[in-house]
Each structure stands twice: as structure tokens, then as C-alpha cells.
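**Student:** This is what each chain is made of:
There are 4 protein chains.
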Amino acid sequence: MLLDINTSSGTPLYRQIVDQVRRLVSGGQLQPGDELPSVREVARRHAINPMTVSKAYSLMEAEGLVERQRGKPMRICAGAVRDDNRIEQLDELLERLVLAARQLDIDDATVLEAVSRKLKGLKP
Amino acid sequence: MLLDINTSSGTPLYRQIVDQVRRLVSGGQLQPGDELPSVREVARRHAINPMTVSKAYSLMEAEGLVERQRGKPMRICAGAVRDDNRIEQLDELLERLVLAARQLDIDDATVLEAVSRKLKGLKP
Amino acid sequence: MLLDINTSSGTPLYRQIVDQVRRLVSGGQLQPGDELPSVREVARRHAINPMTVSKAYSLMEAEGLVERQRGKPMRICAGAVRDDNRIEQLDELLERLVLAARQLDIDDATVLEAVSRKLKGLKP
Amino acid sequence: MLLDINTSSGTPLYRQIVDQVRRLVSGGQLQPGDELPSVREVARRHAINPMTVSKAYSLMEAEGLVERQRGKPMRICAGAVRDDNRIEQLDELLERLVLAARQLDIDDATVLEAVSRKLKGLKP
DNA sequence: GTGGTCTAGACCACA
DNA sequence: GTGGTCTAGACCACA
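Line by line, the protein sequences give chains A, B, C and D.
Position 115 (the first sequence) corresponds to 699 in the numbering used here; numbering is contiguous.
Position 82 (the second sequence) corresponds to 666 in the numbering used here; numbering is contiguous.
Position 49 (the third sequence) corresponds to 633 in the numbering used here; numbering is contiguous.
Position 62 (the fourth sequence) corresponds to 646 in the numbering used here; numbering is contiguous.
Since the hints were derived computationally from the structure, they do not count as laboratory data.
Hints are not guaranteed to be accurate.
The list cannot tell twin chains apart, which means a pair is met if one copy fits it or any two copies do.
Stated by the list, open to error - Straight-line distance between alpha carbons at most 20 Å, and here's what the computed SDA-like set of lysine to any residue pairs gives:
| no. | residue 1 | residue 2 |
| --- | --- | --- |
| 1 | Lys656 | Met635 |
| 2 | Lys639 | Val623 |
| 3 | Lys704 | Leu683 |
| 4 | Lys702 | Gly663 |
Please build the complete structure, drawing on both the sequences and the hints.
**Tutor:** Written out as C-alpha cells, the structure is:
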């Protein structure tokens, strides 16, 4: 599971984790039954505190996205499936992007070109 | 001056103000000598605490973006001018958008179309 | 607001807080709009860590029992009202009491008498 | 030996086992010399891990409640006998019940009636 | 090994 | 003053 945690962004770390797992589930890259990496594993890999990861996992459990198995790794809930309206989950970011472009007085063609370039650049 | 303050977004209020004024200056919509609305005015209009606005204004002053004039409204500094590389100020949002699209497993064409639609929708 | 926090009980501290506030709301002793004592206040009074209280408050917020007001005390949500079926909230404790009595081979009359005595003893 | 193990209750599993065996002994339903079901048997029947049952048994042994016999099932110790003051073992639950009733603003008569009903309902 | 609870303490955002 | 986030570290319950 590939998370991109940014410790200098304003977004709380636990929120970044929740948002990204939610997207990976909506996108079908995490499927019901899949196990999440352990709290300690995520904490170690991203050099953050286990409690922070644990908080994210608890929130996801409360949300019905993942489920606990006593003494075993958490896994994606059966009810959490690929979402067909997942374009909506992009909406807030789109709003922010367009607002920023307007304030910077960047014209539409330039914005689209920049998005296009970035899409190619991050081609995974 | 049109600010779009989102009290439920995770981004701190004072940061939203600073970011947006910075962009309006980079985009040339606020020019050297232009006056800022008063702290009270902004606070009232967006229903936030004056201390929060004041903090944003102080940060902008420290950054050399605006300057205080005794007994008069703050204004945009002479040195704060339209920025030619302002597309870079879009970069963080572009990164986040593309990461989110990848995690949602949305293909490039669909992302571009969504950006395009949003650009038209928010035409101003 | 009177909470009875038992640090040596097996029940997690944050759970005790949530359970008791929930009951006080169901019982009408905390009403919509009422302010909760601050996190620090509860922590100080019961000699527990503020983070523990904060966790309880966050859970109650997620549950729609209380709401945050930025920079101000949390308060009981409008939707959280006196519950007519509140006897059901006693059910788990009743089950446990009766199970224990059975295992201890205490007859019904003696149990009822003990409950009665305790009810009078804690009269307040 | 009838144990009622509740995996979703907050009480630790090993504690539920210890508490209930202790009560069955105090109540005389388990008498000195009686054999306990094996660790595996209890684990299987309640779908919990044998190590958890084993931990409970070890605690009971340390407490002088049960004793190991090489190659044979554990059994109730000679010293563990029916307790005349066993009503006291109900005290903590009574306290919790009455506290909950008070917080729910349920009057004494209603509480007694609920206890009475539950006593009849669980008649065995 | 897994996740959970709690503490002590630093620092942030907002009113 | 209010609540929120994060860390470092101890210790528990369960598989």
C-alpha cells in the first residue's frame, strides 16, 4: 500500500492517512479483505509516531472502512467497495485548484496544460 | 478583495488569508499601493475572530507583502509585484490532485475533463 | 456535571466518560446547548491526562452527542435529547448483575433487597 | 461449567473467565476437587485463543483457586469453598447499576421492576 | 507478532 | 481562555 505522507503540509498526518486509504478503497486498489500494514509498520516507514497511525486506523474503523481482528492486522471491510462516483472525491481539490488559478490570473489553457504535464510526470 | 474562507477546511484560517492575498498579488489583482480591507471588515464579513485576521495581516507584513500606515488601512507594498513564475504556486495543488486521481484510479482524460468542466463552471 | 471516574476499573477511562455523558443526556440532566466542562477541567478534577478526556470528547462529537465551537467549550448538540427508552441503556448492566447473582447462587429476593438497599444508600 | 464469555464487552477475556470461576466457587456450583474443562476445550467452545484461557487458569492457580495435577485436568482447590459473604461480590455491579440509573434519571421503583423482570427472564 | 490505553509534555489555531 | 496534533515511552490484551 503506497501512502504519500507529507509531514510539512498543513493537513494533519492522521487525516492524510484516512483520506488516502479511503481513496485507495474507492479506486479498488484496496479491496475488501485486504490487510492493512500494521500500525508500527506504517509508523516506521514514514517516520511518524505509532499513536498517530493508530488514531487514523481507529477513525477508519469508526467509519466502517476497516475492521479489527483481535491480535491480527486490520483489514478492509466487506462493505467498503469500489465507488462509481469517485470523481466526486476529487471535487474539493478541483475547487481549490481553480480558485488558486483564478487568483493567480492564470488562464484556463495554461492550467490544463499544467495538469496534463503533471499527470504525465507522475506516471507511476 | 475577494477572499474565499472555508471554515470547515483543514487549512488554518490565517493561512487561507495569507495564501490568497499572496496569490492575488502574484496575479496582479492586488497592486502596490492598493489598500486592504480593515481587520474588522474581514472578520465581520467572514464571521471569524478579528485576532485571526490580525495574525494573518501581521504575517503578511513580516513577509514584506503589505505595510502598515499609521491610522490608515494597510496597503500592498511597492516591492510586491506580479510574479512571472506564478504557475509554480499552483504546483503543490497539482501534486495533490494528481496523487488523489491516481489513488482513485481515475484515468488522465477523465481528470482533464473534470478540470476543464470546473474551470468553465467557476468562470467568475 | 458529575462524573464518577474509576481509574482502577477495567473500563477504559475515555469509555467511562462517554458512557456517563451519554446517560446524563438521555436522562435530561444535560440538555442541548449546555456546555461541557473543559478538557483541562475534567482532567484536573479527576487527575487524569487531558488527552484521555480529549479522546472521549472527540468520540462524542463523532457520535453527534456534542459539538465543537471553535475556541469555546463544547456543548450538547441540539439533536441529543432525553431518551424515552432509556431503560434499555440499563440492560447490559442488568444482564451482568443477574448472571453474577446466578453464579454466586444468590436467590432473587436477596438480589432485589441488595439493589433496594444500594438505591437508598446512594440517594444523593 | 457454564461460562458466559462476551468478546465484545470491554472486560478482558481472561478476566471474565477468572471472575466467573471465582463466583461459581463462591456460589458452591464448583466444589473442591471438581475438574475444570481443559484449556483447549474452553478455547474451542468460546472461539478464543488457548493462550488467553491458559493465562486465566494460571492466574486462578496463583490465587489458590485451582490446582494443577500432572497430566490430568486442573481442579478446584480444597481451600476454595462456598463463601458466606458472597453478596459482597455483587457490590461493584450494584454500584454501577445504581450510578447508571441515577444518571439516566430512572426512579427507584422502575429500577427494581427492571431487575425483577430480568431475574425472571433469565430464570435458567 | 497485532492493536489499545494512558501519561507527560511541547506546540498550534482560534475566541 | 478553548480544543487539536504530535511525540516518546510505558504497559496491557490477544493471536
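**Student:** Given identical chains, is lysine 704 near leucine 683, meaning Cα to Cα at most 20 Å, within a copy, between copies, both, or neither?
**Tutor:** For lysine 704 and leucine 683, the Cα distance is within 20 Å only across copies (12 Å; inside one copy 23 Å).
**Student:** Between the shortest in-copy and the shortest cross-copy C-alpha distance, which are at most 20 Å for lysine 639 and valine 623: within, between, both, or neither?
**Tutor:** Close inside one copy (10 Å) and across copies (19 Å); limit 20 Å.
**Student:** Indicate which option fits the pair lysine 702, glycine 663 if close means a Cα-Cα distance not exceeding 20 Å: within, between, both or neither.
**Tutor:** So lysine 702 and glycine 663 fail the 20 Å test inside a copy (33 Å) and across (31 Å) alike.
**Student:** As a check of your reading, is lysine 656 near methionine 635 (CA-CA no more than 20 Å) within one copy, between copies, both or neither?
**Tutor:** both (17 Å within a copy, 15 Å between copies)
Hint 4 from the earlier list is the only one contradicted by this structure; the remaining hints agree with it.
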